[in-house]
Amino acid sequence: MERAGIPTALLCNLVSIAVRVGAPRIVPTRGIPYPTGDPELGPDQERAWRRQLVERALVAVATSVTEPTVFD
Amino acid sequence: MKIVHYINQFFAGVGGEDAAGTGPAIHDGPLGPGRRLAAVLGDEHEIVATAVCGDDYASGHADFAAELIDQARAHGAELLVAGPAFTSGRYGLACARIAATATAAGLPALAAMHPDNPGLAEAGGAPVVESAETARGMRPSLDRLAAAVAKLAAGEELSAEDGRVGAVPRTNRMATRNAAERAVDLVLARLAGDREATEIPLPAFDQVTPAAPVEDASKALVALLTEGGFVPVGNPDRLESARATKWIRHSLDGFDSADAGVFESVHGGFSTQWANAEPNRILPLDIARELAREGAIGGLHTEYFATTGNGTTVADARRFGVEWAAELRQAGIQAAILTAT
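Protein chains in written order, with this note's numbering: chain A, 97 to 168; chain B, 5 to 345.
Simulated from the structure, these hints should not be mistaken for lab results. Be a bit skeptical, because a hint or two may be false.
Listed below are several chain B residues computed to face chain A (Cβ distance under 7 Å; list not exhaustive) [to be verified]: (1) T107; (2) A109; (3) P214; (4) A221; (5) K223; (6) L225; (7) P288; (8) A329; (9) T343.
All residues carry an ideal CB built from backbone N, CA and C; glycine is no exception.
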């Protein structure tokens, strides 16, 4: 995706692997089974957390990077 | 050395896709590419029999390998050679599995396929040497395979110089020098500019050149993508829960949120209870719609793409990425949000 010119924010929990495989734009999440959520939180807080993650993703795709970069 | 050669129904001349369901069988002497392999191997080695199985049968019946290995032993096999399978997925899988099964059963084995063949990862402890991408490269592929057979038959180990690809199993071996001395040697080699020397090779991954950023996210068309096995309830496209060989796409028109009972995850690598109770946890459609309404993004792509990232081969994943990028570029999408589980 990135190679083809589409900036792509990768929302994932296994950040070290994402860095190792060379994903340029990484947004860390809290758990493997729920990248854009956190069942520990109440519904409103969880939605706010999800919004924060997606907003970070938008920052990531609008930011120039030269190597795997973590946006947190 | 007495060799039994494994090939699929196509190379054995049984038939094409129509014959892919053919069960395992063994024939005396070399067949198809085995004839040339035998010629290149010369007089020191003999292909005593050819084991054949249809690709569909082999991929659906894991026991084909054990059955053929029993028959190979009955023919006096001292070494099993499989392929070359080029980039053919099912054939590569069959070659890898029969080589792995033979090795595990104490019969030395060797397979040949292209490094992108998704079967490569299934070879277990058996060595695999590189072949060309397609049968157009049969001759050089057989030359390399024959050289590797000769080396293996001589009791030597195969290395990258022999065209070895895939994971190299770690084996115990007595070293003449202790670990501290070897470590210092590696440090000195590194300081001298050697970036490769290691006792523990790690898998190699691509270097990716990052894309230029979007100038203004509030004007960008954004796509939602996931490898979380995210499907409409009931999984109408039969997306695999593991070792996905495909990806799916679905329209998001008319959906303001990824609601429970409408979408679900079929990912087989984790418990999907949290995803199925609140599918926005996999595909953040509710927030993406909200941000689009607020003007924080220019727009949301009308469909999402999904696959299952669970034992998926690097080769398949790379193909999905290339296909996704082509689709999105054609649709005028400027950025993507990809969730990973």
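**Q.** Hints violated by the structure (listed by number, smallest first)
**A.** 1, 2, 5, 6
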